[in-house]
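Each chain is listed here by its residues.
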Amino acid sequence: MAEPAKSPPAPPAKSTPKKFLYVNRRAPYGTIYALESLEVVLIGAAFDQHVALAFIDDGVFQLTKGQDTKSLGVKNFSPTFRALGDYGVTKFYVEKESMQERGLTLDDLQAVTYEDENDGFKEKPSIQVVSRSEMGAIMQQQDVLLNF
Amino acid sequence: MLHTVNKSPFQTNSLASCLKHAQKGDAILLLEDGVYGALKGTIASGDIWSKRVELRFYVMSADVAARGLQKSQLIEGLNMIDAGGFVDLVVAHKTSQAWL
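Keeping their order, the protein sequence lines are chains A and B. Just so you know, we're using our numbering here: the first sequence kicks off at 1 and counts up by one. Just so you know, we're using our numbering here: the second sequence kicks off at 1001 and counts up by one.
All the pointers check out, no bait thrown in.
Distance condition first, Cα-Cα at most 25 Å in a straight line; then the derived DSS-like pairs of lysine-lysine:
#	chain 1	residue 1	chain 2	residue 2
1	A	K75	B	K1071
2	A	K96	B	K1040
3	A	K70	B	K1071
4	A	K65	B	K1071
5	A	K124	A	K91
6	B	K1051	B	K1071
7	A	K18	A	K124
8	A	K96	B	K1071
No wet-lab data here; the hints were simulated from the structure.
I would like the entire structure built from these sequences, with the hints used as guidance.
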């Protein structure tokens, strides 16, 4: 039986930005997940959404400093993280327990900073080390979560 | 036998299972994401450390460099090799097993 005709859905009201959290759980280079995540992060930022990144499990390896892929013949995408501040992506939540399990400290990660336009363009660190329970709470505050 | 492990020990149990099945004198090559198994001070390092005498361990240096890992972060006594070294290992062993 034919559906009764419906009026077309109203166009969305001028949408308010949503909170997106990109959850990175994979190491770089061994699989394509990490690079793909970065591509999608840039798309989200281009659409003026509130974009934040989470690094848990092997995802913490994406931020190690001194990555050198010359002998591997693939693109070293780790410098791209440092450019994200210019796209308004200024929150990198890195899970403390994931680092500890992997023998890493904040010292092993590259410095990522952004210029705070609400504070005289002062340079501030983007990376925030948070506990596993804090990470769980951060996830609860989001509108959209994307896992890579 | 030559065993190759290309998965992170924190993501799969490939390395753990490999080490449980490898026999005395076997060679273990860590490559791709498998090189994370060579890190010391992790929840996984104990497995390799306890087998360091009866097994021979090799690590693909290009994969270590790509991931920004420093020699000082790795378990001592592992042999760093390049692609040519990988070929030599394959030739030197009658059989190979890839733990995916």
